[in-house]
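J.: Protein chains in written order, with the numbering used here: chain A, 16 to 520; chain B, 16 to 520; chain C, 16 to 520; chain D, 16 to 520.
Think of the hints as simulated: they come from the structure by calculation, not from any bench.
Keep in mind that a hint or two might mislead.
A pair holds if it fits inside one copy or across any two, identical chains being indistinguishable in the list.
With a straight-line cut-off of 25 Å between C-alpha atoms, the simulated BS3-like cross-links for lysine-lysine are [claimed, not checked]:
#1 376 - 198
#2 376 - 110
#3 110 - 375
#4 505 - 205
#5 376 - 225
Number of protein chains: 4
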Amino acid sequence: MKEPRKITVTEGDSAIFNNNVDYCVGTGRIGLALSREYMDELRFVQEHIGFSHIRGHGLFSDDMSIYHEYRDSDGNTRVEYNFTYLDRVFDDYHKVGIRPFLELGFMPSRLASGTQTLFYWRANTTPPHDYNAWCALVTSTLTHLVERYGNEAYEYPIEVWNEPNLPGFWEHADMKEYFRLFKSTFTAIKALDERFRVGGPAVCGGTDEKWIRAFLEFCRDEGLHPDFVTRHHYTIEQPEEIGHYAYAKLMDPEYGFANLQTTRDIIDSFDEFRGLPIHITEFNSSYTPKGVIHDTNLNAACIAQQLSRLGDVNESYSYWTFGDVFEELGVPYAIFHGGFGLVAEGCVPKPTFWTFAFYKKLKCAGSDCVHKDDSCVVVRTDDGGYAGVMWNIADSDGGELTLTLALPGGRESCLMTQTVDEDVCNPLRVWHDMGEHPHPDESELRLLRDAATPLVQTERIKPEDGMLTHTFTVGRNGVVYFELRPGEIKSDRGYDYERTVGQTM
Amino acid sequence: MKEPRKITVTEGDSAIFNNNVDYCVGTGRIGLALSREYMDELRFVQEHIGFSHIRGHGLFSDDMSIYHEYRDSDGNTRVEYNFTYLDRVFDDYHKVGIRPFLELGFMPSRLASGTQTLFYWRANTTPPHDYNAWCALVTSTLTHLVERYGNEAYEYPIEVWNEPNLPGFWEHADMKEYFRLFKSTFTAIKALDERFRVGGPAVCGGTDEKWIRAFLEFCRDEGLHPDFVTRHHYTIEQPEEIGHYAYAKLMDPEYGFANLQTTRDIIDSFDEFRGLPIHITEFNSSYTPKGVIHDTNLNAACIAQQLSRLGDVNESYSYWTFGDVFEELGVPYAIFHGGFGLVAEGCVPKPTFWTFAFYKKLKCAGSDCVHKDDSCVVVRTDDGGYAGVMWNIADSDGGELTLTLALPGGRESCLMTQTVDEDVCNPLRVWHDMGEHPHPDESELRLLRDAATPLVQTERIKPEDGMLTHTFTVGRNGVVYFELRPGEIKSDRGYDYERTVGQTM
Amino acid sequence: MKEPRKITVTEGDSAIFNNNVDYCVGTGRIGLALSREYMDELRFVQEHIGFSHIRGHGLFSDDMSIYHEYRDSDGNTRVEYNFTYLDRVFDDYHKVGIRPFLELGFMPSRLASGTQTLFYWRANTTPPHDYNAWCALVTSTLTHLVERYGNEAYEYPIEVWNEPNLPGFWEHADMKEYFRLFKSTFTAIKALDERFRVGGPAVCGGTDEKWIRAFLEFCRDEGLHPDFVTRHHYTIEQPEEIGHYAYAKLMDPEYGFANLQTTRDIIDSFDEFRGLPIHITEFNSSYTPKGVIHDTNLNAACIAQQLSRLGDVNESYSYWTFGDVFEELGVPYAIFHGGFGLVAEGCVPKPTFWTFAFYKKLKCAGSDCVHKDDSCVVVRTDDGGYAGVMWNIADSDGGELTLTLALPGGRESCLMTQTVDEDVCNPLRVWHDMGEHPHPDESELRLLRDAATPLVQTERIKPEDGMLTHTFTVGRNGVVYFELRPGEIKSDRGYDYERTVGQTM
Amino acid sequence: MKEPRKITVTEGDSAIFNNNVDYCVGTGRIGLALSREYMDELRFVQEHIGFSHIRGHGLFSDDMSIYHEYRDSDGNTRVEYNFTYLDRVFDDYHKVGIRPFLELGFMPSRLASGTQTLFYWRANTTPPHDYNAWCALVTSTLTHLVERYGNEAYEYPIEVWNEPNLPGFWEHADMKEYFRLFKSTFTAIKALDERFRVGGPAVCGGTDEKWIRAFLEFCRDEGLHPDFVTRHHYTIEQPEEIGHYAYAKLMDPEYGFANLQTTRDIIDSFDEFRGLPIHITEFNSSYTPKGVIHDTNLNAACIAQQLSRLGDVNESYSYWTFGDVFEELGVPYAIFHGGFGLVAEGCVPKPTFWTFAFYKKLKCAGSDCVHKDDSCVVVRTDDGGYAGVMWNIADSDGGELTLTLALPGGRESCLMTQTVDEDVCNPLRVWHDMGEHPHPDESELRLLRDAATPLVQTERIKPEDGMLTHTFTVGRNGVVYFELRPGEIKSDRGYDYERTVGQTM
């Protein structure tokens, strides 16, 4: 049992809280966007949350079938592009109201300098054998996007490659070669049109400080001015793998936040780049698509904490990934398999889905933060009320969190809460208890979806001494969204709720 | 706090339980079926519950625009029929997989002998001025239905008029005149085709015993053999009306069950009619469409009790009504107004909706009843498990019901419960607390629908001494559905649920 | 056979053509908007054409159930409003992207000074017995609309009553009483908020000149400044009625256009009102909902002519009506019954539907008219091409119209035509030939819809001497839409269309 | 201009016509069924035509991810199966009402004896390195299908491998090795359950006679009794390839029909196998997915001829393929690219789509064939009328076909025709003329779909001397469907069609 807490907000209190929850979300390789299940899950996510951008790997990988060579009648090798799948995917993105955050990569086999591949789907992660051909591929693709989608295509953020500081993602993690790639790509794009916004170096943790500093030095020395800096952010320790699954411990979150601050500090140490936006183009707890934590309520609570603070020094942070159609380590064996997705197969929302839905509601409710701490964030809403998110990450103390919130307010209000915790919104448990069927049929899916609906509850709150006070109970690994809306009940003529519900047999 | 109970079922135990929950459901006047909201609600009900038949008033009322007279060129008055709206409504019924239970009535103005009308929508409730013209209307309509829908139209049950034992519904409640109507109608239909099935007298309580006995005597004396007997069943006392709403006390349910038994007994006292099926063509708690009880959890619990017993002596029992598009007393002022519907405006399911959904699931699960009492009904399922419904009608004792159920079974099982009670599935309270807005907008409706979803929970049950035992807690006015499915958990290679969820920060 | 014509457009040619085809469309009484079929038809129309506003009768008629009186506990009569159906209808309008053009009328029975009613659905067409109560009804309704729909509600045009110059629509066609109604209503609305835009007198032809002049004199004398003037426009002579149907001759269209000009001239003769917009709040060929002409190709061709000229002196012109759910003379007996609708039952588009669709495409294509005459209108498009509509109203000459169009243009182009005529897009004929089944089943409806699809054809046009020339053939009662888009064919590597289609067995 | 023909059918005339048009349809590799576009196209095809079965390659290929090996803790290699994608695809098939015709193949890489692959998607076409493991894969998959889909899974026809008589599809086209595969597979399946139905040898033309004879000799000698024989059927000569496309001449169709007869004759020459059903598990004109003929009206007419005769000696014939999602030679560059599909990208039906739709309508209309020749097939319908399909394959004569049909009949009838020819239903031409845009946007797609709708026309036919006679004109490469339905027109009171449409301005 945790120590009960009381928070008293005073008129004029404020806190820093930049809520960029919906700027971008991650996806498995772009080629998977051709699939029916992928699009069903994305549509579901867009209907309930609504992200602005989507970023994933493999735009130029062979399965997208863009880059081709052939012999002409004179026996010369010539290049041609096939945008059939690109158009299909991006048209579908438009239909669900999402725009690409372009990650340039990986290498088409025919353009590659080597044969190194990564993942079940064999992403070629070697430099181009011909940088001019690479740049032509990039600029031809961008030109095509502008032709098809008009001026909005200039707004798509562009990131050069992914995690070049890992040898799997970039042969030998060759920094000098990456800088060559960045410079030639950046220069070619800006020559095409200055309006395009280009950034890098898309590094993951580990060597991030070294790479980001070197990257900026390189840019400064070469006279390049990237439009933003990108990096990734995962928060677990080395996982243990058993069969198809991976188990890992969470790191102390403060470690991660401190690491993110270093990026901000490095950038701001350059006169040329001070204040340059940082996009976290991937983040999650575990970095493996078989990380069982992703399906749990613990994950939802941890991500709630992340979302309260990631906006402090970053322009955006893209959860990796929106759905469970993902193939890096092969095809999953069961609906719940530790995939990155906010939703599981069959559009079953996981607990973390609701963390995002709640932060999105919070963003729509208001931006004026009156309180933020390790358990909650509260904003003032446009109608003079409040909205907030609370979370309770299970630690060694274990149990419920009791949190009394006292907010300035002189009008009777309705308190509405939506609760996600291990007891009331835990599809993983239901699936487990029902036998862990790999692929539930339609009637089981319906049950799982019902078991994945937050509990909605309401209460009338009356002000006392100009304060609206309520004691919330946040269950183990729970996330609670609340709204406190001022306003009296206006009953229709003759309607008496108390009498209606007060009756007994 | 109620006394905890324990039920121990022994191998071989059985109980009478005829679950005809889905045979028929009621509807506001047929003409309302033209409306968009009506059809949306009906489609919702059919997707989640699925009734076979639908019965409502006003098939021949003016708004259906079937019966017309005109002068021909010789100045003679002639009759013509317009089946435009009939086809539209019945086509739509087919599209959602429901068939009509035909109630013949009320009187087209031009065919009426008087001007008496009932309801906001002015149903003419007088006998025909010309019985031949009435019979022609009936047989022409049936002929048209056979032409359009083929042989299935012979299967539509046909009931002659509605509640003739009330003077509002049948001028002067003139029994002799009703018998005339019945005889002429019955005879005309059977002359058209013997396959049609025709019944009556569709009486409501009060004078039901007298009418049913007299009706059967009449039939016997006239040599008519109706295919079934129909009556209604409501279970409240006289309501008090305040403004737009009505408040009433529930009767002792045993009173109602005893009354239903009298119908059975009367029928069986006739040699000619012994065993004739009884269709309860209307039932509900309150008989007024502004009866606030309909929207409550109390109603859900009371109906759960009714559904456990109505099949004892009746072939079917048609809940009055599936949805809240209903105009007898005028147009409702607000989403929750005490309407009869299982769903409210905007397809928000009321607690009673789930009572029906649960009994429908129970029917699909199995028919072999092993236990039935005042709080629950339990059946054995085809896979060797169990399913059941429990309820806890709030009485003066008030609180939760604790019910321990011990069932024969030797295999580890999954217990799945879906709970509806005042805390977890109570859209009325949410609507009230949020301010009783007459017509919630789309975002409020989404919240109300989430607040109207039963809580799904699961647990693993291990057998002890050949018994599977669990203690259920049924909240105040709660209805709980459960399934107990035998079967071990088959985990995929490497998957460890306990480890997955056991982690802490 | 008509005389072939040739039109040569020279660079710099222009013609007056105000294409306001999509500003407003008419509807049967507002209460019908509750129906499923109505909404299906409206959605279909909005998807394929897309109107901005919708105007119909009966906003305050009893079936909308807005105005109510009751006795309070002191025995005083009090008024209350019920916006349940209003909200339902207007919410549904919003869902299909259309906004109301409010027509204030008719009179709630309880507020009426008399019992005169009009139509099958009994519209009360008498003045209010209490003008204050009427004004309160109007302003309460507007206040409610602003609360529900925000500032956009101030933009809904408001018209006071309908056709008061007919005794059926306004008791005794009492002009003085109408002016009283107008003044009190206008004044009350403007007192509520100056932003509302209010007009009248909504007269039909016959006494229109007299009424409009008197109306403006009244406004001038009373110091009222209406925001616009409204009138109606039908173009047939007195019909002959046989059974359920009406047959009529078309008037010379010039007569109608001249009549419309008189309204413009009268308004402009007032210094105070010069240039005041005119909204034709109803127009069609026949003014009866059993006017068989509405279902024909002749109607499509006549309306094509109307749409080319109605914008000359009028701000808008609202086709009466979008769909065939309409009950003024009772419920139609068959899918094709001469209803006003652009679409028939089951969303079968009539030929006139395409006239509107074509003018809407024309509006999207461009607004720079280069030619307009009695058979066609041609605009220059944004991509340097052309688009146009042609029509061929069958007259005594009968046959096809051959029309050669020569347009300035130096690039090879694609000519695309969509043709509607008696041979290729005539669902009425198909329905007739198949036996005139009153209500086709789903498979017949599918056939009718296919039979109601314009014929699409294309051709490559090469410029000669800087001109693009093509000879069109417009069939009897045909309407043809064309686009002439400049641009070469870019074939994929190896693709040869001529070879592809040139092959034989 | 072709010679006009006249066909007179006499009472009692009959012809052989087995219409198995809807038994089966082909598909690109099963893994493509995961895609959104594939499922949209399949749903469209099922809604408009409705096939019973679907057959395609690659069930066991790597992209379906079924077969896996891993090391257990003892270091032993073990096998596991992943049915995630199989379940997803087959669930989706069920949702659109289609069942698999299982083709067993190709080889999972890990189970393969060699590295030979075929196609862009690298189908491994070598024998298993371990026949026991192969049989276990097959029987485990079938067991899984029975568990998931119940007894209906026993009904799925099963074919062993594809075109083993081509070295690309089966290493070295090694006949002996194929027989080994067949025997072991057949035996393993029958050992699992006798109810499964298994056939082969799935050969294509060329060496078909030799293979089929040898196959049956092998079966006879080994005591195997296959449930059916399978083969393929294509009807073009060797194509010429230019860029991405292939052009070919059609063979004389009689050559193909004669070849099919050889299979029948060979089978029937074996006492053991006489009458064994033949399934043509693939047929089309061209056998290449870049065969431009597939998109043409010529193809539609040729297939119309095929469908009239393929049932003569074959149980079924599966058009290769239902849609254009197909990747054997890589990803197509444009919507029209000579793909096999009945529909093109974006659900644009090609002319051949309608050939199938018409034969399906014919099948629903009746099975009693009264006439069949080289240009048409006519059946008597249940309502005493007729239905038929006509075609006109463009040959050196070129032009229209004029065909007079005289049928016995004494009642006035409605003749309804649906016409597909180069002028009225030719989306390829529209696409070409509009510029051959690789991937049309939504508005162009809508136009293409309208341009791909058959022309519907009707006419009243009156009998003369007991005959109903009509002269049809079938355009170049046209296919015409007709129905002749007896029945008088029953007009509603007052409706006069001739007067309605006879009017002029």
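J.: Can you tell me if residue 110 and residue 375 fall within 25 Å by alpha carbon in one copy, between copies, both or neither?
T.: Classified as both: same-chain Cα gap 20 Å, cross-chain 23 Å, threshold 25 Å.
J.: For residue 376 and residue 110, with the copy left unspecified, which applies at a CA distance of at most 25 Å: within, between, both, or neither?
T.: Close inside one copy (22 Å) and across copies (22 Å); limit 25 Å.
J.: As a check of your reading, is residue 376 near residue 225 (CA-CA no more than 25 Å) within one copy, between copies, both or neither?
T.: neither (38 Å within a copy, 58 Å between copies)
J.: Measure nothing new, just compare the shortest in-copy and cross-copy C-alpha distances for residue 376 and residue 198 to 25 Å and report within, between, both or neither.
T.: Result: close neither inside a copy nor across copies, 40 Å intra and 47 Å inter.
J.: Give the relationship of residue 505 and residue 205 under a CA distance limit of 25 Å: within one copy only, between copies only, both, or neither.
T.: Answer is neither: 60 Å inside a copy and 28 Å across each miss the 25 Å cutoff.
This entry does not satisfy hints 1, 4 and 5, going by the numbered hints stated previously.
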